[in-house]
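2 protein chains.
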Amino acid sequence: LNPKFPGTIVGTTDSRQAHIIRGISSVDHVTLIRVQGSGMVGMAGISQRIFGALATGKVNIILITQGSSEHSVCLAVSPKDAAKAKKLLETELKHDLEIHRVADIIVEDDLSIIAVVGENMRQTPGIAGKVFQALGRSRINISAIAQGSSELNISAVIRRVDRHKALRVIHDAFFYGPRKTAHIYIIGAGLIGSQLIRDIYQKQPWLLKERHLDLRICGIANSRTMLLRHEGIPADNWQDLLRNTGQKSDLQQLFHYVKENQSPFTVIVDTTASHQPVEWYPHFLGQGIAVVTPNKIANTGPADLFMRLHELAIANDTRFLYETTAGAGLPFVQAVRDRVASGDPIQRLEGVFSGTLSYLFNTYDGSMPFSKLVQSARDQGFTEPDPRDDLNGLDAARKLLLLARIAGSRAEIDDVQVENLVPEKLRKPDNISRVLEKLADYDADFERIRSNAEKKKARLRYLAVMDKNHLSVKLTAVKSDHPAWDLKGSENLLAVTTDAYTDPLVIKGSGAGPVVTANGVLNDILKVID
Amino acid sequence: LNPKFPGTIVGTTDSRQAHIIRGISSVDHVTLIRVQGSGMVGMAGISQRIFGALATGKVNIILITQGSSEHSVCLAVSPKDAAKAKKLLETELKHDLEIHRVADIIVEDDLSIIAVVGENMRQTPGIAGKVFQALGRSRINISAIAQGSSELNISAVIRRVDRHKALRVIHDAFFYGPRKTAHIYIIGAGLIGSQLIRDIYQKQPWLLKERHLDLRICGIANSRTMLLRHEGIPADNWQDLLRNTGQKSDLQQLFHYVKENQSPFTVIVDTTASHQPVEWYPHFLGQGIAVVTPNKIANTGPADLFMRLHELAIANDTRFLYETTAGAGLPFVQAVRDRVASGDPIQRLEGVFSGTLSYLFNTYDGSMPFSKLVQSARDQGFTEPDPRDDLNGLDAARKLLLLARIAGSRAEIDDVQVENLVPEKLRKPDNISRVLEKLADYDADFERIRSNAEKKKARLRYLAVMDKNHLSVKLTAVKSDHPAWDLKGSENLLAVTTDAYTDPLVIKGSGAGPVVTANGVLNDILKVID
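Residue numbers (the numbering used here), protein chains in the order written: chain W, 19 to 548; chain F, 19 to 548.
For the record, the hints were derived by calculation from the structure and aren't laboratory data.
Pairs of lysine-lysine residues, derived as DSSO-like cross-links and limited to a Cα-Cα distance of at most 30 Å, are as follows:
#	chain 1	residue 1	chain 2	residue 2
1	F	LYS506	W	LYS474
2	W	LYS497	F	LYS474
3	W	LYS314	F	LYS545
4	F	LYS474	W	LYS474
5	F	LYS545	W	LYS277
6	F	LYS198	W	LYS198
7	W	LYS497	F	LYS497
8	F	LYS475	W	LYS473
9	W	LYS104	F	LYS76
10	F	LYS104	W	LYS76
As the structure is a computational prediction, the values presented were derived from the model and not from experiment.
The following block holds chain W by itself, in its conformation from the complex (with noise of 0.2 Å):
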């Protein structure tokens, strides 16, 4: 296969913006000096004393503004100027400043001056819409803008502490053709955050030449060490530098580091299952920067987070995205949001959403006894450490709960009705050989409602359903036409009944593993950039 992705460009449309700027000049330091006061609107001659005062001292004026119904001119000057220049305003403006026809005369210093210069820009819309995209996405403030020549260039007065900020994401924004920049900070490098680390630098020559997307991450964090490179963290030695030169790790340190090189495509990675990065993610959404994880904790603790994590994504025009809490690559999220989105309301979902307790009911057929099939898949690694957080149904339920939120749900864990495979004498803590070997003792009770499903000619599935406001996972028996019948190994399933679908729409597939879940949390953080 032609691995040519349709959108790659070809030729020479791509450069069509870049032929267009000539370059991104700056004025490394200036001062802005406002003279305002409401008299002086519409008063002709008050820019010739302005001017003419400044002339007399040979002041020489960077940039000039003055907006339509303003009460103010805004005049940028070199620092060494500021003082005679704002002394002879005073002196030239007194008798105005005395009867508050100019009202203050502001001096502003510490900032700088971006200009992107270009050629028949006036000509191309959007230009200027491209610049002050790339500088408010970047959180950078703007105090004074002009743009005024045929041959164009659009100056922003910024905040000299933005200034590198400023030049490389109008850079990034300008000079690659249509091509974009994530930068990527990844919390977590346990297995999960590790393949994705892998598929980053592996997928990202692809991804630069095929869909122009340059994918840098320029942040990894243990638990122990964080290591934060803005430019990029080289490929090859990551875990080393983790490990001999990353610093300590501190969650506050790398929500400022992050900020301070906010880009307009920042994107924050959880790959922990811990609470602690969720604390942080009002912080980084609330600063227009994008979070993506696989981290469940956030989706299925009180709704009333799981709502304002969204309100904070929308309000600061960033993504809050977690395809992976259910189903891992499998689209489950994105279907379900889907439906809901285009107003198509859903009826029931019913899923199988523990790759764990898919493989053991679709495998157990009576041959072997029930306690023992778990303790092969213990052997085989398809177990949690301890099968018992399998069997008491608490995983499939909060994937369950989240997608029951997306599709409109306000309902808490405790809400969801929880048949929990683990007999009630096994439940205490205890060593887990000695659990197994005890679950013996209820291989009969398996063994007699598996048989009385089989006479019914129905299958057992450990089934996710919410039926209107009801939810609940539990021991199924499942007939032929049921979409769960025919499930395969470790299998997850989603079936989602709408008003347009009155038969479900259904997907399956393989819903756990670090693989599909490093792939679909790469695909989430593509969405942020796209």
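Given chain W, work out where chain F should sit, using these hints.
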């Protein structure tokens, strides 16, 4: 279920930016005067002389802008003052013009100023980005910009002819909190078009309330007449309006109307199955206008056209979306695209893409001869008027082709190996009843194939397969481990095998009909705006 969508803004967050903006003002008619020349750089006193000259003539200056490293000063004045201003400047700068220190005094008329006025806007990054993005995405050229005061005023000088459009798009960008407005033009008002129009009108209130998306239908065209209303077509009687007050349909006129009224989210929806609208896709996309369509013609015509449309969409920062060209509303296109997009190479695509052929073989169990089954399906309206248009496999071949192209193939339709189920002798134009009668001569052949499959515990499916570079659609006997084994009714199916999904990712469900197709089109429209 509480129908609230995650991300619904509750409380006050949504109006944050609306509070910052106090208003939008405009100066209906201004003239821009630009004094320019490379000799002016760093020439202290030039501003004084320019403004002094204008002050002697009592010329009121509405807007001033001079950027850094710029060789010009740009002034907006009232048109009545323009001639006088030019004369005064020519007199004052006579010598500078002679020695080419000043190159030119240029006057541009027929301009307007749009000003966004607010408070503390300088503390809120992104305001300028929002203003200029709205203008840029609406293809409004900007002649000059000024922003300078603390009580902010961003002024943009634009062509006078664009002033209403500019006021509208800036208003839309700020005054509805996070609300976004889509301006939708629908070509084709047949089964799918009418269903889509009904859906949009029905879901409008919900989308506005819960998702802050304002969907306005601004144009409807059928093959005879078209109705163009940039302010929105009323829901209740569009059919009457289209019939009685619509103008003669003309895609060129439609294009010009859409362009004149372009907003940041203008969407063309082609719900026809004809060639004419497709010829206009490049024009729309080239103008930054999104194209959404269930029409397969563009995707299954020359591969070059397919590529070119994607290139145009990317180069013009807009969308070309066609989820419903395969599997109707099922996310087949998205699933393939997501796999490829994340650099997860597709090893194999398999599917059942014809609802009619799915129905025929899911139902065909030998109890009724094949020809009778076709007749009965036709009687129930499950086939094309001429069932040979289903049986020839071309529709399935086209869908396979377009999915294969998304997966990276550059094949043409002739590269697909198609098994035509219409016996060779029945392919000529003929009376349909007679064809169906003659089809009975082949019932034994079909039955032999079926019973052979049954003997091998297999079922017949009309399967589309992409395996490496090879594309084929043909009758295939599948066993119980195949994802198509348990298809029911007229379900469509897609199974994607990739590096990450060694067991395929499977999507199935209802894949035809105006309801799910219109719903899928609506979903694409929402993706343009989201």
